[in-house]
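If you're matching them up, the sequences are chains A and D in order.
Yeah, the first sequence ends on 412 if you go by the numbering used here, and it's all consecutive.
Yeah, the second sequence ends on 119 if you go by the numbering used here, and it's all consecutive.
One thing to keep in mind: the hints can contain errors.
Here are the simulated DSS-like pairs of lysine-lysine, each with C-alpha atoms no more than 30 angstroms apart in a straight line [as the list claims (entries may be wrong)]: (1) D:K14 / D:K28; (2) D:K85 / D:K14; (3) D:K42 / D:K30; (4) D:K29 / D:K42; (5) A:K279 / D:K42; (6) A:K279 / D:K94; (7) A:K328 / A:K279; (8) D:K42 / D:K94; (9) D:K29 / A:K216; (10) A:K279 / D:K29; (11) D:K30 / A:K279; (12) A:K328 / D:K30; (13) D:K30 / D:K94; (14) A:K216 / D:K85; (15) A:K48 / A:K216; (16) D:K28 / D:K94; (17) D:K30 / D:K14; (18) D:K14 / D:K42; (19) D:K42 / D:K28; (20) D:K85 / D:K42; (21) D:K30 / D:K85.
Chain A side only, calculated, beta carbon under 7 angstroms to chain D, not exhaustive [claimed, not checked]: (22) P72; (23) T105; (24) T108; (25) T155; (26) E156; (27) G178; (28) P277.
These are computed hints drawn from the structure, not numbers from a lab.
Bear in mind that the values here come from a model prediction, so they are computed numbers and not experimental data.
We put the beta carbon where it would ideally sit given N, CA and C, even for glycine.
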Amino acid sequence: MTQSTGSGEPLDRSPTITGVGMTVFTNKDERPLLELLTTAADRALDDADVIPTNIDSLHVGNAAAEAFNRRSGLANALSSELGITDITARRIENTSASGASAFLDAFDAIRSGRSQAALIIGGEKMSAADTATSTEIISRITHDAEYEQGVTLPSFAGLAADRYFRMYDADREDLAHVAVKNHDNARQNPYAHFDKEVTVDDVLESPVVADPLRLYDCCPTGDGAAAVLLTAGDDGVEVAACEGAVGTHAVADRSDPLKIESVREAGNSAYAAADVTPADIDVACIHDAFSILEWLEVEELGLAERGKAWQLTVDGTTNRDGSLPINPGGGLKARGHPLGGTGISQIIELVWQLRGDAPNNRAVGDVNCGLAVNVAGFGNNSVCTVLKGETA
Amino acid sequence: MTKVLECSNCGYRTFYKKKHCLECGGQEWNKQEPGVGELLAITTVHVSPEGVREPNRLGIARFEGANLVAQIRKGLNPGDNVKLDDSNILREGDNGTHVGAQFAPVDD
Chain A
21 MTQSTGSGEP LDRSPTITGV GMTVFTNKDE RPLLELLTTA ADRALDDADV IPTNIDSLHV
81 GNAAAEAFNR RSGLANALSS ELGITDITAR RIENTSASGA SAFLDAFDAI RSGRSQAALI
141 IGGEKMSAAD TATSTEIISR ITHDAEYEQG VTLPSFAGLA ADRYFRMYDA DREDLAHVAV
201 KNHDNARQNP YAHFDKEVTV DDVLESPVVA DPLRLYDCCP TGDGAAAVLL TAGDDGVEVA
261 ACEGAVGTHA VADRSDPLKI ESVREAGNSA YAAADVTPAD IDVACIHDAF SILEWLEVEE
321 LGLAERGKAW QLTVDGTTNR DGSLPINPGG GLKARGHPLG GTGISQIIEL VWQLRGDAPN
381 NRAVGDVNCG LAVNVAGFGN NSVCTVLKGE TA
Chain D
12 MTKVLECSNC GYRTFYKKKH CLECGGQEWN KQEPGVGELL AITTVHVSPE GVREPNRLGI
72 ARFEGANLVA QIRKGLNPGD NVKLDDSNIL REGDNGTHVG AQFAPVDD
């Protein structure tokens, strides 16, 4: 513990990630939320070979422990579990982007000099609530006028998919390939929620959730936690940028149902801060809570022209062995989406890929620059992170 | 009746109540008749929160300067012109029964 009261000098280089760890994302993990978070934290600290008392700050990403688990004061309870006192600790809430928002908070703490070693832990235990309660909790992130219409997040995704198919040349079968790809990636990831191959026919025959989207277009929610140790040192994976942008609360307040301005803004800010362009990105973890979001976000991030992202899926460019692998860990679609854990799990996947730690059957080859985007709600608030490997 | 809120300072229009204008920060709003909109996309939702109809047919429509997501009547398709028809039961939820606007054909 070095700078717990915040008297350090601003950092003149990028923070680095020296340790990562997570639990298996799953439909139901019997362990309590605190134990999940602690387990992920211990794995990240072990990976970095650091003991808890050497941490300067604790940043906990969690969306709704009060509602799912009747647990408040999460950061304080977690500090106690980890045997840490006398440092700054807080919980960050930004719905489904709580994880990346906590990471952004830690990034700022390191860069400002307030912290030399920041532990970020994101997680959620959603299985504690039944499906109806869970749907209600998640649907309450909408504007009151959207709530009144009975709108859910899949509703927005259904509207966007309907619009995309009408505007561009992609069709329902093309979109199914997003789920097929991400399930195939998850099969190689032992931390993923799903270990199940799906075919285009499986997707097209699954139950309709929000027409034209079906069950296999939607990510599973569940239980899981992920943790990262971010430091002011110069060893490890470089965090070249972490930027956030808020969008409109009401989705219809946007100029077009296919636009997610918060992703575009966060992405452009991150590219500028990292001094890279979309062409420099070798691998990306995209917030595919619904299959159509993978296309919309790839376009907002400039990784494809507007109306063209579907072609990258269909022609294999975004496969593990393609020139721009997207969601090699399975994405939200198949790695799973325990809300507060997701943004951190995306960063961990990039770290594994950049360090060359991903197993051969999941490694995406020679990568030096990775991007992750974690999105709150249906684009209400987005956080974009750019990581660089040692040779970048 | 559902109205468009128009910022009295800059003219920004929205259906979604907020204290400050997204464009200029102004706090004064004029209520305007929405007129006729064009349906941009539709969906039929089969998994709804408690108190919401299943299936819930929803659409997004573009009116002059402002878009809106609302429940739609059967038979409407993207490209159709729509008007707002008030006094429909939308859902049971916080504060009891919510009554409000659905999209309806302009000649309804």
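Now the hints, each set against the structure:
| no. | hint | in the structure |
| --- | --- | --- |
| 1 | D:K14 / D:K28 | holds, 10 angstroms |
| 2 | D:K85 / D:K14 | holds, 23 angstroms |
| 3 | D:K42 / D:K30 | holds, 14 angstroms |
| 4 | D:K29 / D:K42 | holds, 13 angstroms |
| 5 | A:K279 / D:K42 | holds, 27 angstroms |
| 6 | A:K279 / D:K94 | holds, 24 angstroms |
| 7 | A:K328 / A:K279 | holds, 14 angstroms |
| 8 | D:K42 / D:K94 | holds, 16 angstroms |
| 9 | D:K29 / A:K216 | violated, 45 angstroms |
| 10 | A:K279 / D:K29 | holds, 21 angstroms |
| 11 | D:K30 / A:K279 | holds, 24 angstroms |
| 12 | A:K328 / D:K30 | violated, 38 angstroms |
| 13 | D:K30 / D:K94 | holds, 26 angstroms |
| 14 | A:K216 / D:K85 | violated, 37 angstroms |
| 15 | A:K48 / A:K216 | holds, 17 angstroms |
| 16 | D:K28 / D:K94 | holds, 19 angstroms |
| 17 | D:K30 / D:K14 | holds, 16 angstroms |
| 18 | D:K14 / D:K42 | holds, 6 angstroms |
| 19 | D:K42 / D:K28 | holds, 11 angstroms |
| 20 | D:K85 / D:K42 | holds, 29 angstroms |
| 21 | D:K30 / D:K85 | violated, 34 angstroms |
| 22 | P72 | violated, 40 angstroms |
| 23 | T105 | violated, 41 angstroms |
| 24 | T108 | violated, 32 angstroms |
| 25 | T155 | holds, 5 angstroms |
| 26 | E156 | holds, 5 angstroms |
| 27 | G178 | holds, 3 angstroms |
| 28 | P277 | holds, 5 angstroms |
Violated hints, listed in ascending order, are 9, 12, 14, 21, 22, 23 and 24; each of the other numbered hints is respected by the structure.
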